[in-house]
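Protein chains: 2
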Amino acid sequence: MTSPISSTRVTPRRPSGFPEYLPAEQLAFNKMLATVRSSYEAAGFGPIETPALELAEVLLAKGGGETEQEVFRFGKGSKDYVLHYDLTVPLARYVTEHQNDIAFPFRRSQIQKVWRAERAQKGRSREFYQCDADVVGESDVAVDGEMIALAASTMRALAVGDFVIRVNNRKILTGLYESLGVADKATGLLRIIDKLEKIGEAGVKELLTKEGLDDSQISTLLKIAELRGPVAKVTSELQELAGNNPQLVTGLEELERAIQAARACGVTETQLEIDCSIARGLDYYTSTVFETVLTDLPELGSVCSGGRFDNLAQYYTDRALPGVGISIGLTRMFDGLRDVGKLDLTAKTPSQVIILPMNDEAWSVAGKLAESLREANVACELVMAETKLPKVFTRADKLSVPYVAIIGEKELTHGKVALKDMSSGEQTEVALGDVLARIKHLH
Amino acid sequence: MTSPISSTRVTPRRPSGFPEYLPAEQLAFNKMLATVRSSYEAAGFGPIETPALELAEVLLAKGGGETEQEVFRFGKGSKDYVLHYDLTVPLARYVTEHQNDIAFPFRRSQIQKVWRAERAQKGRSREFYQCDADVVGESDVAVDGEMIALAASTMRALAVGDFVIRVNNRKILTGLYESLGVADKATGLLRIIDKLEKIGEAGVKELLTKEGLDDSQISTLLKIAELRGPVAKVTSELQELAGNNPQLVTGLEELERAIQAARACGVTETQLEIDCSIARGLDYYTSTVFETVLTDLPELGSVCSGGRFDNLAQYYTDRALPGVGISIGLTRMFDGLRDVGKLDLTAKTPSQVIILPMNDEAWSVAGKLAESLREANVACELVMAETKLPKVFTRADKLSVPYVAIIGEKELTHGKVALKDMSSGEQTEVALGDVLARIKHLH
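First to last, the protein sequences are chains X and V.
Quick note: my numbering has the first sequence finishing at residue 446, numbered continuously throughout.
Quick note: my numbering has the second sequence finishing at residue 446, numbered continuously throughout.
Only chain X is shown next, with the shape it has when bound in the complex (with noise of 0.2 Å):
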């Protein structure tokens, strides 16, 4: 019966690139997906979670080499699946498979894991959490300022400090390249100016001299890009700049119009920025785009991101299904703010309570206690084991339980239970109706 003892161990490991929390840091991750996920439904967009293996013909319709080098792909059976790389291409999927079940505009939230294939480095996980809100079938801009909003609030509700929201809308840029004669050639040379905080003016120019721009147009377009700054003076420059260029003139209508429902929405003046240099590297976004970094931790980047989209699930449906999106990367905010020491990691399990009944005589009442503090929302450890005090409270210690109620033979007789605060290391009898109130009071 007993199973045999194998005489070769493996070393128990994870492939690189697949982290894996300790319960303290788990319990301060799930606190803040929780967050994220009340944030998202109190603004009504309901939850949807879609499978993590897809179809490769299905998942990569749009195909493109980047994307497929990065996706854990694989045949089982006939079957060539993909382990989903973002929520937004399932959302694609599912809104069009799913279009005569669900009502126009779509609000959906989504926070599921996604895997990337990329070469594991420090803060760039190949399996993370996203957390994604969307509008789908919706075309007016005064929803881009609710979602800029919902990205605030999300930010506010977290507790991660100051953050600023840079805005931008991909019709001024395109608008601009008109105007130089380099609209052919837009999408690749955002993409350029996208990298401009990574790998700096000199490695812009350099790559934007490789596609054939001159000194002159190369000079304006890093004008551009680094106009950047509160609302009302960037929209003055911007509007001297915008001319007759009717794209350049509805990106800045548009960004106006995003910009003022934002505030309407609760956005402070401090918490929004203009930033031209912003165009998100994901070419699907055609309008609204942005990105927020927090103000003590800007190398960790944007940490939720979005913008707006004129079609969705093109590869799937003649259906044109314009929206707007936010996504927050959540385990790569957490891990920044855990690497520079910003979290309360104190709480070792969630138990406030050890109870420690003494002989199984006091089982029972042990058994009531804790059912009673439970419902109470009091989370605690009931130790059924034999198990000698000293150990119970080595425990406590260790694993930071502010609290052990110990249930002997004399307590027992008097209703009571001897109460530990780990503390101060004071204990004192309190009788069992007590107990909650004592705890509550105490903490």
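If you are wondering where the hints come from, they were derived from the structure by calculation, not from laboratory data.
Check the hints yourself; a few may be wrong.
Note that the list lumps identical chains together, so a pair holds whenever it fits in one copy or between two copies.
[Unchecked claim] In silico DMTMM-like cross-links for lysine to aspartate or glutamate, where the CA-CA straight-line distance does not exceed 20 Å: (1) K345 <-> E121; (2) K201 <-> D278; (3) K351 <-> D104; (4) K188 <-> E121; (5) K226 <-> D278; (6) K34 <-> E44; (7) K351 <-> E100; (8) K351 <-> E44; (9) K401 <-> D104; (10) K345 <-> E272; (11) K188 <-> D218; (12) K82 <-> E23.
We have chain X; now place chain V onto it with these hints.
Frame of chain X; chain V shown alone:
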């Protein structure tokens, strides 16, 4: 700039065996998921998550043909990956890898999707949630009683109707097998007995005959397997059968201690039965084993199962890690309840209110109203896009949103809201500051 529209569309579809929920289902599912999470954490089981992908050589260290056929396994570069097919083997790997950073007994909960490459069939998705809780590093079977109680309290919290937890101890079975002289075949025989409910008595008899058992042995085995019912009755029958076989005597003692502990932790008499047919197919169980059946939906099989193991991580370490765990197959239970109409799927969005500012001037008032409702845990959808009133009413109807709050020019002037109760159709003027109270009162 605008992405080119591809001329060939791909049909959006999922691989078979990978269902996904519509928002109403996902909302209900997530509620159950949150209930399980709360129940586990209230009992002091700290959460962990392990990567979806593990190295094949680690996860499949145990070997065994069945498991290897059932996993999604694939090479990528020089790596041989497997999607985890349960949460127990990853727990064994986790506990061994982090043994110096965690406190034993290690009380952990783990709620994640798992993947199995088995043939897709009704009620058998290839991707599903498992909700596990385990105590690792504790040999006293009193803890098994606590885990049975955790199963019971979680089922109560899920409000899925009456249920019975059927408990057994594998030592009782092995003891009997010893006395029948078939101890060497015990594991295989237990697997056969375990199929009693699935393939019936005749099927089991046939398989046992093939194993070389004679009629008298078979009839004894079946007699044992049919021993089930209230604890007191079966215990006395078992005591008669026990005789002097030390395994059987130990098994009975352990069973009694576990049941006594479960009772002390709040499991009622009707929620607990002894059932000697239960062996659990998994060969790592060595003592207590149990299953949970919903009284109104026995055809679902066990919705929450568990048991005690002597040696969790034998393939990774010499360190003996005994413990006990439970697992809820939440996706399967949810789908089963949905299929028989036992779930409330009315809500198609988290929103309780849709707020419609009739013009841009009303944006800011609408935004503030939304914020105040959300702070009071009333989810609401804000319609920032220019939208006609009838369209909003249609949407509220379609999504079963109980209230629509309209802020037009007149309302703006008087600091009021036109609040429409969608179920009665009644529309009343409510002062901005009274909307929350009105909604909570009416609801």
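Taking 20 Å as the upper bound on the Cα-Cα distance, should K226 and D278 be classified as within, between, both, or neither?
within (12 Å within a copy, 78 Å between copies)
Is it within a copy, between copies, both, or neither that the alpha carbon of K82 lies no farther than 20 Å from that of E23?
between (30 Å within a copy, 19 Å between copies)
How would you classify K351 and E100 at a CA-CA limit of 20 Å: within, between, both, or neither?
between (43 Å within a copy, 17 Å between copies)
Have a look at K345 and E272 and pick one of within, between, both or neither, based on CA distance no larger than 20 Å.
neither (25 Å within a copy, 49 Å between copies)
Homo-oligomer pair classification [E121, K188; C-alpha up to 20 Å]:
Neither: 27 Å inside a copy, 49 Å across copies.
At most 20 Å between CA atoms: does that hold for K401 and D104 within a copy, between copies, both, or neither?
Result: close only across copies, 10 Å inter versus 51 Å intra.
Same-copy or cross-copy closeness of K351 to E44 [CA-CA at most 20 Å]:
between (28 Å within a copy, 12 Å between copies)
Pop the pair K34 and E44 into one bin, within, between, both or neither, using alpha-carbon distances up to 20 Å.
Answer is both; intra-copy 15 Å and inter-copy 12 Å each pass.
How would you classify K345 and E121 at a CA-CA limit of 20 Å: within, between, both, or neither?
neither (28 Å within a copy, 44 Å between copies)
Given identical chains, is K201 near D278, meaning Cα to Cα at most 20 Å, within a copy, between copies, both, or neither?
Classified as within: same-chain Cα gap 15 Å, cross-chain 65 Å, threshold 20 Å.
First find the shortest C-alpha distance between K351 and D104 inside one copy, then the shortest across copies, and answer within, between, both or neither for a cut-off of 20 Å.
Answer is between: at 11 Å across copies they meet the 20 Å cutoff, but 43 Å inside does not.
Pop the pair K188 and D218 into one bin, within, between, both or neither, using alpha-carbon distances up to 20 Å.
Within one copy only: 16 Å inside, 83 Å across.
Figure legend: structure checked against the earlier numbered hints; hints not met, in rising order: 1, 4, 10.
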